[in-house]
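J.: Protein sequences, first through last, are from chains A and B. Here our numbering is used: the first residue of the first sequence is 1, the next is one more, and so on. Here our numbering is used: the first residue of the second sequence is 1, the next is one more, and so on.
Mixed in with the good hints, there may be bad ones.
Chain B is nowhere near these chain A residues, computed Cβ spacing over 10 Å in every case [as the list claims (entries may be wrong)]:
1) G13
2) A49
3) E57
Part of the chain B face toward chain A, derived, beta carbon under 7 Å [what the hints assert, rightly or not]:
4) D68
5) E69
6) M70
7) Y129
Worth flagging that the hints you see were computed from the coordinates, not collected in a lab. These figures come from a predicted structure and were not determined experimentally. Backbone N, C-alpha and C define an ideal beta-carbon position, used for all residues, glycine too.
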Amino acid sequence: MNNRLVELREGRGWGQTDLARELAVSRQTIHAIETGKYDPSLPLAFKIAALFGLAIEDVFVPEAPKGRSRRG
Amino acid sequence: MPKLSTRAWMPILSAGIGLSLFASSFVSGYLLRHMTPGTTLSLIVALVPLPVFIANFAIAFVLARRCDEMQRRIQFEALAFAYPFVMLGCLTIFMIHKAGFRFSFDLIDVFLAMTLVYAGSVFVARSRYQ
């Protein structure tokens, strides 16, 4: 899943640590989400969208299906 | 001196508990080798590591509760690999024993193997998300 997290975060002048603190997760989790290594759960995705005052589909964009994925 | 947060203290505390676990197990094993088996004292000495084991599990539980969702996934993946890997190792050793090939094998070896394989698995699982 692709996302606009880096763009949105930098738009607020936040570092990964700041965003992690806002969402009560680790900085590593923010890094993994931003680089597309980890897809957040639905509650966390909603939390991220709400933090930026956007709809979830404005933050996360599904990739075109291309076989099995190990992430989830 | 900068004040450490609770999150920073927990790994230090865990390492301390882990070290005390191995130390208490070692001391207990050493003393038991020099004691008469089947006595009350030998029973007490044998159970010396038990409170440390319980503290270790309690710390691990608290740490797991503090993890966020990705960290929990990493822990889950590490355990999902480490547990069957060590169990397969144990089963293999028991089968070899049944075949008549005897060598020293203790329950504490299982714990040590579990710790090492789990630590390696956490490292691998974590690297998948970096």
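J.: The structure should be examined with respect to each hint, and the outcome stated for every one.
T.: Verification of the supplied hints:
1. Every Cβ of chain B is farther than 10 Å from the Cβ of G13 (chain A); the closest lies at roughly 23 Å, confirming the non-interface assignment.
2. The claim that A49 (chain A) lies off the interface holds: its Cβ sits roughly 16 Å from the closest Cβ of chain B, which is beyond the 10 Å cut-off.
3. The claim that E57 (chain A) is not at the interface with chain B holds, since no C-beta of that chain comes within 10 Å of its own (minimum 21 Å).
4. The beta carbon of D68 (chain B) comes within 4 Å of a beta carbon in chain A, closer than 7 Å, and the hint placing it at the interface holds.
5. Hint on E69 (chain B) holds. Least Cβ distance to chain A is approximately 5 Å, under the 7 Å limit.
6. Checking M70 (chain B) against chain A by beta carbon gives a least distance of about 4 Å; that is within 7 Å, so the hint holds.
7. Evaluation of the Y129 (chain B) hint against chain A yields a held restraint, the C-beta minimum of about 4 Å falling below 7 Å.
In this structure, none of the earlier numbered hints is contradicted; all agree with it.
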